[in-house]
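Q: Chain by chain, the residues run as shown.
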Amino acid sequence: MTALPLDLQILNALAALLLLVSFAMLSQRRIVTLVSLLALQGALLCAATLLLAWRTGENHLYLSAALTLALKVIFLPWLLYRLIRRLGVYWDTEPLLNISGTMLVGLLIVVFAFGLAQPIAALASTAMRSAIGIAVAVVLLAFLTMITRRKAMSQVVGFLSMENGLFFGAMSATYGMPMIVELGVALDVLVAMLVLGVFFFQIREQFDSLDLHHLEALKEED
Amino acid sequence: MAHEQFFIDPFNVFLVTLTAFVGFTTSLFSRPYMRVEVARGRLTPGRLRLFHSMYQLFMATMLTALTTNNLGLLWVMMEAATLSTVLLVTLYRTPAALEAGWKYFILCGVGIAQALFGTILLYFAAEKVLGAAGVSALLWTHLDAVKDELEPVVLGLAFVFLLVGYGTKAGLAPLHNWLPDAHAEGPTPISAVLSGLLLNVAIYAVVRCKVLVEGSLHSPLPSRMLMGFGLLSVVLAAFFLWRQRDIKRLFAYSSIEHMGIIAFAFGMGGAVANFAALLHMTVHSLTKSAIFFAVGHAAQKTGTQIMERIRGLITTSPTVGWGLMLGSLAILGLPPFGVFASEFLILTTAMREQPWATPILLAGLGVAFAAIFGRVQPMVFGETTAKRLPHPPALLPVFVHLALVLMLGLFIPPWLAEWYRAAAHLIGGQ
Amino acid sequence: MNAVTALEWFTQVLEVITALAAAPLLFGWVNQCRAWLQNRSAPSLLQPYRSIRKLFHKDAVLATNASPLFRIAPYVIFGTMAAAAAVIPSVGTHLPFTPVADGIALVGLLATARVFQALAAMDVGTAFGTLGARREMMIGFLAEPALLMVIFVASLLSASTALPAIAEQLASQAVGIYPSLAFTAVAFTMVLLAENARIPVDNPATHLELTMIHEAMLLEYSARHLALLEWAATLKLFNYTCIGFALFAPWGTAHSETPQALLAALPIFGLKLLVAGGGIALVETLSAKLRVFRAPEFLATAFLFAVLGLLVRLLLGA
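Protein chains in written order, with the working numbering: chain A, 1 to 222; chain B, 223 to 652; chain C, 653 to 970.
For reference, chain A alone in the conformation it holds in the complex:
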């Protein structure tokens, strides 16, 4: 068994940690911690992008690493922390039922994701092709996080985590998307957060809480 080069080992470790962070998000009850985890995920992503940029010498990856750092590690978590403080939900926790069951579902999802990514990874020629499975898993786990949450804030964190997973997928499959698309996506994420910030205040103003069970009135009447 030949040892992988060190940079690849680190990339693999970062990928594994990303997966771990996704599970941590799945089981985390406190909303503030959820945001910290999101920042951590962004930081891991940024580190992986930097390393990949250094390894491949692709200049646009440096740019997207910088973008990741600015947006996903610094700005968005800062914005969310600020929102949390302004909305006074700092101590909010989410009553999660049956974490163990959710975890098991999560594991099944990971297996499914790895299977799904198999044909793609087999065709990829990038150094990180094996991490595509992890990217898919991160996306699906974020989806699961969103499904199991009832608080608006945690759903948003799940949404952003999904975006992170997609970004990681693009990176491991093709060393990132064309710059114009990446910029566009980043802009969309940014605008989405700003819109959400406004939205949160509207929800709070109306319901005095960010609990989504207030938002279950619209159903098909019988």
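These are calculated hints, taken from the structure and not from any lab test.
All clues given are correct.
Coverage of chain B stretches by chain A, computed from C-beta distances (three or more under 8 Å per stretch; other residues unrestricted):
{"no.": "1", "stretch": "286 to 296"}
{"no.": "2", "stretch": "314 to 325"}
{"no.": "3", "stretch": "373 to 381"}
Derived, one-sided and incomplete: chain C residues facing chain A with beta-carbon distance under 8 Å:
{"no.": "4", "residue": "Ile829"}
{"no.": "5", "residue": "Pro831"}
{"no.": "6", "residue": "Val959"}
{"no.": "7", "residue": "Leu960"}
{"no.": "8", "residue": "Leu963"}
{"no.": "9", "residue": "Val964"}
Since we're looking at a predicted model, the values are computed, not measured.
All C-beta atoms, glycine included, are put in the ideal place defined by N, C-alpha and C.
Put chains B and C on the given structure of chain A with help from the hints.
A: Just chains B and C now, kept in the frame of chain A:
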């Protein structure tokens, strides 16, 4: 290759025209309409400003999405279209509006994230063929030129994600949940453009992707998926139509039904079906926005969206009444309106090529007809104690739209038919 | 494999005796570290020996309705633990018994001890005994799959579930970053804490009936029976630590049966024990005792880590 980022071809040219036209008439409609809303205290002038600026932004994103050659940019613009309308759906700040906005944001956000994954996969496959330069690998024209060489496995997978993603946006069942809420709770001009334009753009994105995937896969799988989603939407929407009490929700479900018909027609493929689908996109867009204009006025005059409380429009406000009645007849596919022409073409093609689907389609259309007509008829002709309104509302856009639909049912201008034919050919109608 | 020589037998016997003797020492060391970390004055390192000796000098008292099972259980449990100590490759991987040290068999052996402990605890029929036994079985039922999963991940590397083979393979492979091993090491540590009645699952230093698990099962025992059980408990910790070494830190273990090699391996082994004991104490100090109904979550997390390790291993090959 900056000059290749945008393009016009027969497929998007009529959509651009349509979008610009309906966008224009909707803004004509919305100025007096929204003023009344402000006068009634449902809106503040600040929110009115927000409405108008976001409306323009929304139009810009749709037009960019239609004209861009870059599939990545298409995604970005679709997402931007969602974002610019979220705050419009919640414009009234009522609990229901907030809920609708939240659903809209989350469902479309998640859906569109799937589409991003599909786009990544597409890029991944394209990069193998077009080189890693990364500039041309997402340009549709380039992809179309090499679609035979794209990796079928990856493209098949990509299509699933793209269909789910853009399909959510197009309101295809079972991912349609956001649509009735957003239509019912947002201001009427937004319902009109969401139904009339945004759904079209989403379908447009799906079809663009389908062309590439079909070229690579050489199998009927993408077509079958489109047909399946389409039929499901038709049937589901037809039955949900029966359960509606809110007039805007009623027509929102009708939009889902028509998106289903369009998706089904594109799924069948072939020159005639594609032609019919394109025609149907046009007439549905025109008719549905006209209906929403009329519905908006009706709801504004009576102060409610609950259908049981709207009665006798023909006596209180004949223009609104006739607008609603004619619009409903048009959308239900009665001759001589254009919807009849396109539905007739789709049905006859279905009988020839997918005979099994014809009874399902017919049943869906029949159920929808009974549901909508049964509700619209008393609203327009029912007994009412309300007095006739002093001033008839300006409903020019409604009648212009309906006149166009009528014209398309009787006579399609040769240049338009040529556009449709060329577009149908482009989407694979050999 | 050549015939087992008298010398090898001698070293094997010596190894078992060392294990038996060193186990209370490790226990005492963990307690001492914990006391230091918690700013308490530490008990002597030899405290476990003293209490065991004291218990051996006392007269045994048995409940009137105790069955023979109650009386045999301490011997069975102690014997099982001693047997496990004999086969686990702690100092060397080539001792006469070590070929038996299959990971799955070992899990089974440890489970035997658990079953006897639980049966004996329920034997007298007191409420506490039954409560402890039930909790112990719940924890065991959750910890075992996690432990097995940990062993599977390690055995993926060496294509064998035998601990010596795993240890040798791991010691000889290139140094690198193995996220799968890191994940499973975390899982293993969590299983170790749960299985040995340590914080955060159980607190060995309390007899508070609402929370205790392990102690509740020993309440009816006295004198030599209790001494054996406590000694067995220290052996269990020792065994788990040694399994951990074999799976994750096999460096310095002797790969031949010569006394010189074994002697050279001994100080390294001692050092590893010191570090491991300190580590356990640190984890215990940093974590808070979980409520009993949270213990399944804790072990589910351990299982999750182990499975993640497995998946990462399969996907990334790292």
